[in-house]
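*Asks:* All chains should be modelled from the sequences, with the hints used to inform the complete structure.
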Amino acid sequence: MTPRSALLKVIILGDSGVGKTSLMNQYVNKRFSTQYKATIGADFLTKEVETEERPVTMQLWDTAGQERFQSLGVAFYRGADCCVLVFDVNSSKSFQALESWRDEFLIQSSPHEPEEFPFVVLGNKVDVDESKRQVTQKRALAWCQAKGNLPYFETSAKEAINVEQAFQTVAIKALQQESEEQLFSDYPDSFPLDPHETQSSGCSC
Amino acid sequence: MRERSIRSNRKHKFIECLSNRDISINELRKLAWAGIPPELRPMAWQVLLGYLPLASESRTSTLARKRDEYQSMVEATFARGKEGLDQPIWHQIEIDVPRTRPGVQLWMFETTQRCLERILYVWAIRHPASGYVQGINDLVTPFFQVFMSAYIDTDPESFDPGLLPKSVVDAIEADSFWCLSRLLDGIQDNYIFAQPGIQRSVRRMQELVGRIDAPLAAHLESEHVEFMQFAFRWMNCLLMREISVQNTIRMWDTYLAEGTDAFSQFHLYVCCAFLVKWSDKLKQMDFQGVIMFLQSLPTQDWGDHDIEMLLSEAFLLNSIWHNAQSHFGGK
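If you read the protein sequences in the order shown, they are chains A and B. Here the first sequence stands for residues 44 to 248, where the numbers follow the working numbering. Here the second sequence stands for residues 354 to 684, where the numbers follow the working numbering.
Read the hints as simulated data drawn from the structure, not as lab findings. This one's a predicted model, so the numbers in the text were calculated from it and none came from an experiment. One or more of the hints may lead you astray.
Keeping only pairs whose Cα atoms sit at most 30 Å apart, straight-line, the calculated DSS-like set for lysine-lysine is [stated by the list, open to error]:
1. B:K630 <-> A:K52
2. A:K52 <-> A:K201
3. B:K435 <-> A:K175
4. A:K80 <-> B:K630
5. B:K435 <-> A:K136
Here's a subset of chain A near chain B, in silico, CB distances under 8 Å, partners left out [stated by the list, open to error]:
6. S59
7. G60
8. A81
9. Q102
10. A107
11. R111
12. A118
13. V171
Think of the CB as a built atom: it goes at the ideal place given N, C-alpha and C, for glycine as much as any other residue.
*Replies:* Here it is, written out as structure tokens:
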């Protein structure tokens with residue numbers, strides 16, 4: 044018997060123009076185009092993936108990068124199993140923004156254990172000439188380390204470098220997260236561990 | 354044969370209406386609701402938006418003044434070169450201009466892109482509460498294309514405006530700027546912080562669909578489809594991502610005839626009619642199917658007729674539900 048396919052929800056975040064849509068389309072459709080319009084709200088794609096554990100259906104939400112759209116995050120972030128943070132290695136600004144993308148995501152999606160929530164970081168556009176590069180691998184790795192050892196990949200959506208590998212990791216991380224969330228939903232937080240304790244929440248003196 | 358004579362008769366009425374020394378706005382609205390003949394559209398749109406005066410004697414001087422005014426704003430804004438610009442706003446515009454209608458020749462030409470850049474930037478800094486928001490770039494394109502059509506005989510989508518005299522390009526740019534401004538005046542709260550206009554419209558849309566087509570609303574809910582997941586874009590880009598520019602232009606004839614608040618009010622009913630149109634299909638689909646279907650709707654072959662059907666359905670919904678809205682807590 045083949046194991047049940049898992050449904051995983053993945054959110055892609057990052058500044059406008061770093062290549063989120065291109066990465067998604069390279070991964071899902073194996074295509075690169077220079078003719079994408081700016082994403083408004085979020086676009087939705089799916090991909091079937093095999094992992095060692097079980098087959099997986101990834102639902103990928105490719106979000107808009109402009110800050111103004113952040114207020115609608117809640118409609119898209121809720122219930123996510125993994126979040127992909129993307130920056131452009133040729134833009135220091137887009138790298139610095141990762142911090143606030145991460146914070147914003149945690150606030151709006153409010154996962155059970157924010158410290159444990161899986162992020163995967165992608166430094167995109169490594170095909171561009173080395174002289175244009177503003178964020179070194181070392182600097183990116185240091186940040187990822189500091190945030191709890193986040194997996195980091197240097198990618199090129201244009202030349203299909205590392206895209207497959209990066210999303211394979213996303214699938215695995217999302218699957219782990221999903222199993223843990225399952226545990227939480229079996230034991231909701233309202234479950235009173237000690238009924239006496241919940242009663243005496245006020246000062247009893 | 355008969356159709357042609359109806360069309361030429363309609364065109365006649367338009368010409369008559371627009372050549373009056375004092376244009377009757379009510380008459381023009383009535384005519385425009387059913388669609389404007391392409392060659393009269395540039396003038397009709399400008400009149401309907403209140404940009405071109407109703408009285409013929411003040412038109413030339415008003416146009417000259419507004420075009421000069423825009424020109425001086427551009428000069429003042431860009432006087433200190435690119436260093437003098439608001440960098441975050443400029444950066445966003447710079448990355449969006451080349452991806453505005455990508456693949457359509459008109460929008461790939463240098464001249465068009467520079468015009469678009471100036472229109473967006475000048476508008477953005479004059480409206481600091483919203484600034485430039487992605488999607489506003491899409492809204493410029495119908496204006497630019499329609500106004501340019503007044504000066505050429507060929508298809509504007511493949512015409513290089515760089516071939517026109519500079520004074521003509523300047524006029525097209527200025528007119529597009531002012532008309533865009535008028536349109537956006539009616540929907541500013543779509544683009545300010547937290548986008549309350551869009552939030553409100555999407556909420557209302559959900560309430561309305563619940564009443565117009567309860568089985569569809571129930572199905573979407575059971576599949577955990579949130580209206581915000583698809584309708585946000587419908588409001589932010591006025592359906593321009595869902596239908597062609599040709600369709601949009603025809604749709605705007607009616608919106609402009611309804612008045613500038615049509616871009617928030619009437620548009621809401623258009624969106625409801627648009628969703629309900631696919632009801633039978635949607636009800637057969639699961640979450641993934643619904644979302645995928647709604648983000649690539651089969652409207653590629655839509656012509657004026659399809660848009661007109663949609664508009665009349667929206668008109669009907671509007672007349673049934675608009676006054677009823679206060680009964681179900683519409684704010």
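*Asks:* At a threshold of 8 Å, is the proposed contact between A:A81 and chain B supported by beta-carbon distances?
*Replies:* 5 Å, holds
*Asks:* Between A:K80 and B:K630, is the straight-line Cα distance small enough, at 30 Å or below?
*Replies:* 26 Å, holds
*Asks:* Regarding the pair A:K52 and A:K201, is the alpha-carbon distance no greater than 30 Å?
*Replies:* Roughly 24 Å separates the two Cα atoms, so the pair holds.
*Asks:* Let me know if the C-beta of A:V171 comes in closer than 8 Å to any C-beta of chain B, holds or violated.
*Replies:* 15 Å, violated
*Asks:* Would you mind confirming whether the straight-line C-alpha gap from B:K630 to A:K52 stays at or under 30 Å?
*Replies:* Answer holds: B:K630 to A:K52 is near 29 Å, not above 30 Å.
*Asks:* Please verify that hint: A:A118, Cβ, nearest Cβ of chain B, below 8 Å or not.
*Replies:* Hint holds; A:A118 Cβ to chain B Cβ min 4 Å, cut 8 Å.
*Asks:* Under the criterion that the straight-line Cα-Cα distance not exceed 30 Å, is the pair B:K435, A:K175 satisfied?
*Replies:* 20 Å, holds
*Asks:* Using 8 Å as the Cβ threshold, decide whether A:Q102 counts as touching chain B.
*Replies:* 7 Å, holds
*Asks:* What's the verdict on B:K435 and A:K136, does the C-alpha distance respect the 30 Å limit or exceed it?
*Replies:* 18 Å, holds
*Asks:* Let's test the interface hint: is any C-beta of chain B closer than 8 Å to that of A:R111?
*Replies:* Given a least distance of 5 Å, the restraint on A:R111 holds.
*Asks:* How about A:A107: closest beta carbon in chain B under 8 Å, or not?
*Replies:* For A:A107, the interface hint holds, since the closest Cβ of chain B sits about 6 Å away, which is under 8 Å.
*Asks:* Verify the interface restraint on A:S59: the C-beta must sit less than 8 Å from at least one C-beta of chain B.
*Replies:* Check passed: Cβ of A:S59 comes within 6 Å of chain B, closer than 8 Å.
This entry does not satisfy hint 13, going by the numbered hints stated previously; all others are met.
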